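Chains X and Y are the protein sequences, given in the same order. Here the working numbering is used: the first residue of the first sequence is 1, the next is one more, and so on. Here the working numbering is used: the first residue of the second sequence is 1, the next is one more, and so on.
Misleading hints may appear alongside valid ones.
Stated by the list, open to error - Covered stretches of chain Y (in silico footprint by chain X; criterion: 3 or more residues with CB under 8 Å from a CB of chain X, positions within the stretch not fixed):
id, stretch
1, 17-23
2, 61-69
3, 203-212
Said to hold, decoys possible - In silico DSS-like pairs for lysine-lysine, Cα to Cα no more than 30 Å straight-line:
id, chain 1, residue 1, chain 2, residue 2
4, X, K169, X, K142
5, X, K127, X, K25
6, Y, K240, Y, K266
7, Y, K26, X, K266
8, Y, K167, Y, K228
9, Y, K25, X, K225
10, X, K225, Y, K53
11, X, K25, Y, K142
12, X, K105, Y, K53
13, X, K151, Y, K254
14, X, K204, X, K254
15, X, K102, Y, K53
16, Y, K14, X, K225
17, X, K225, X, K169
Stated by the list, open to error - With the Cβ distance kept under 10 Å, some of the chain Y side facing chain X (calculated, not the full set):
id, residue
18, I118
19, G122
20, K228
21, I230
It should be emphasised that the hints constitute simulated quantities derived from the structure, not laboratory data. Here the structure is a predicted model, which is why all the values come from computation and not from measurement. Every residue gets a Cβ at the ideal spot worked out from N, C-alpha and C, and that includes glycine.
Letter by letter, the chains look like this.
There are 2 protein chains.
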Amino acid sequence: MTLYMIGLGLNDQKDITLKGLEAVKKSKKVFLESYTSRLNCSVQELEKLYEQKIILADRELVESKADKILDSALKEDVSFLVIGDVFSATTHTDLYIRALEKGIKLEVINNASILNAIGIVGLELYKFGKTTSIVFPLDNWKPETHYNVLKENQAMDLHTLALLDIKVKEPSPEDIKKGNNNPLPERYMTVNEGIRSLLDIEEKRREGIFTLDTFCIGCARIGSKDFKIIAGTAKELLEKDFGEPLHCLIIPSKNLHDIEREMIEKWK
Amino acid sequence: MTLYMIGLGLNDQKDITLKGLEAVKKSKKVFLESYTSRLNCSVQELEKLYEQKIILADRELVESKADKILDSALKEDVSFLVIGDVFSATTHTDLYIRALEKGIKLEVINNASILNAIGIVGLELYKFGKTTSIVFPLDNWKPETHYNVLKENQAMDLHTLALLDIKVKEPSPEDIKKGNNNPLPERYMTVNEGIRSLLDIEEKRREGIFTLDTFCIGCARIGSKDFKIIAGTAKELLEKDFGEPLHCLIIPSKNLHDIEREMIEKWK
């Protein structure tokens with residue numbers, strides 16, 4: 001039997017490919033990885049179009065109890081749906097390896113990911129350096145990775161894409177310590193919060209990597225018709241409302257090609 | 001009226017999304033950008049599924065005569081199809097800008113690109129540095145950009161994706177000089193040729209960036225069921241036959257995560 005790993009793209013139920021839909025329709029079980037990203041439609045809308053019941057796969061199911069998915073795939077066709085593209089998270093690679101090791105037939109059906117969809121801002125995709133994430137800080141954990149990645153990319157004159165944190169169905173650190181599973185409300189980091197995080201680190205380190213004058217591009221709901229892109233200084237973008245999630249933040253390199261500059265002008 | 005810019009994904013007619021197909025079906029004209037990439041199906045297969053006549057858009061039409069496409073889109077719904085994702089080439093960004101300037105309504109419908117589909121090799125996508133291309137050298141033009149990019153990425157401990165050259169419907173440099181338009185046969189660079197190009201530069205520069213012992217991953221037909229991935233030293237891969245195009249070459253960073261190493265083992 002086959003385990004279909006299928007990207008759903010970035011927006012809604014109609015972003016699945018024809019090939020993906022065929023695989024979903026012939027599957028006996030359909031799992032949706034539901035904790036690393038977010039669609040702009042409901043699970044019910046997916047179920048209606050797919051004519052299938054969807055099993056939500058949270059972190060625990062995918063990371064600790066993946067055998068539930070794999071054991072099904074030994075007996076019957078199973079679809080594992082991923083928002084964006086299939087290999088967007090290490091845990092999906094892990095699932096692929098486990099399936100290979102169990103001798104399960106695998107088929108990957110790709111789709112758009114934020115890594116290519118941000119091409120719409122007009123920056124050349126091949127001039128992006130390492131991608132980074134900005135996470136919600138905790139009282140005792142304030143990572144500066146994104147500042148360091150930006151610094152490295154700037155040194156090489158490359159664009160930086162910063163993905164912004166998502167907290168879905170996660171308990172508080174206190175509850176995790178106590179072993180309680182009381183999920184907190186969903187949280188999605190905004191462009192504004194991402195910018196503030198970089199400014200906070202700048203204030204501490206003062207290396208001139210990201211200041212109120214740094215030119216950046218705030219993006220929301222890329223891949224949907226309702227996307228929003230605004231280019232401007234960090235100070236200007238701090239005052240903008242980007243609306244519903246997901247957001248991401250781009251810091252372009254200093255030297256832009258003419259066509260890059262021309263396109264970015266459109267988002268000011 | 002609307003100009004739909006639609007990614008077709010990487011393999012065949014069934015990789016279009018439901019949203020993409022809806023837009024194609026309601027368009028009065030359908031253009032396919034036909035010179036920067038390649039599908040593993042014929043134009044006739046696209047036409048049959050789409051129930052539309054497809055106009056092949058070569059470099060001249062897209063770059064010099066884009067007004068033909070734009071003027072249509074002022075009067076009627078037009079689809080502009082791109083293999084992979086929409087903003088894979090500067091020229092597509094240019095078309096988007098010209099359409100905006102003419103007041104044409106635009107809708108972008110994303111799809112998979114090689115930039116995310118290579119996630120299947122098991123390397124983390126966010127650890128890739130700048131993407132590079134390896135081009136067919138000419139007698140008087142032997143660029144070393146890909147060697148330089150690899151060197152920079154190595155210095156930052158990042159993976160490198162090298163896309164391999166495609167020559168479709170291009171006349172020879174001599175014919176271009178003479179103004180003749182006699183297209184040469186199609187050529188697609190192989191993994192073997194890409195490796196040889198890097199070795200040739202290494203032989204000249206001797207900086208130890210890419211030798212016969214360099215570990216790399218050769219890929220062919222990523223995004224199709226018939227993909228081929230082989231990991232090994234440059235020397236080992238030189239002897240492998242990767243079959244039909246498109247090929248690409250990945251040079252992983254020296255330091256791999258456990259899960260990256262575990263997955264790459266599967267391709268040896």
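Outcome of the hint check:
1. 17-23: With 5 residues in contact (Cβ-Cβ under 8 Å with chain X), the coverage given for the stretch 17-23 of chain Y holds.
2. 61-69: violated (count 0)
3. 203-212: Check failed, 0 qualifying residues.
4. X:K169 <-> X:K142: holds (21 Å)
5. X:K127 <-> X:K25: violated (39 Å)
6. Y:K240 <-> Y:K266: Satisfied, since the Cα-Cα distance of roughly 16 Å is no more than 30 Å.
7. Y:K26 <-> X:K266: With Cα atoms ~28 Å apart, Y:K26 and X:K266 stay inside 30 Å; holds.
8. Y:K167 <-> Y:K228: Answer holds: Y:K167 to Y:K228 is near 22 Å, not above 30 Å.
9. Y:K25 <-> X:K225: holds (18 Å)
10. X:K225 <-> Y:K53: Status holds; Cα separation ~26 Å.
11. X:K25 <-> Y:K142: Distance ~50 Å between X:K25 and Y:K142 Cα, so the pair is violated.
12. X:K105 <-> Y:K53: violated (37 Å)
13. X:K151 <-> Y:K254: Status holds; Cα separation ~21 Å.
14. X:K204 <-> X:K254: holds (23 Å)
15. X:K102 <-> Y:K53: violated (45 Å)
16. Y:K14 <-> X:K225: holds (23 Å)
17. X:K225 <-> X:K169: holds (27 Å)
18. I118: Because about 8 Å separates Y:I118 from the closest Cβ in chain X, which is inside the 10 Å limit, the hint holds.
19. G122: With Cβ-Cβ at 5 Å, under 10 Å, it holds.
20. K228: Interface hint status for Y:K228: violated (14 Å vs cutoff 10 Å).
21. I230: Nearest chain X Cβ about 15 Å off; hint violated.
Hint compliance for this structure: hints 2, 3, 5, 11, 12, 15, 20, 21 are broken, all remaining hints hold.
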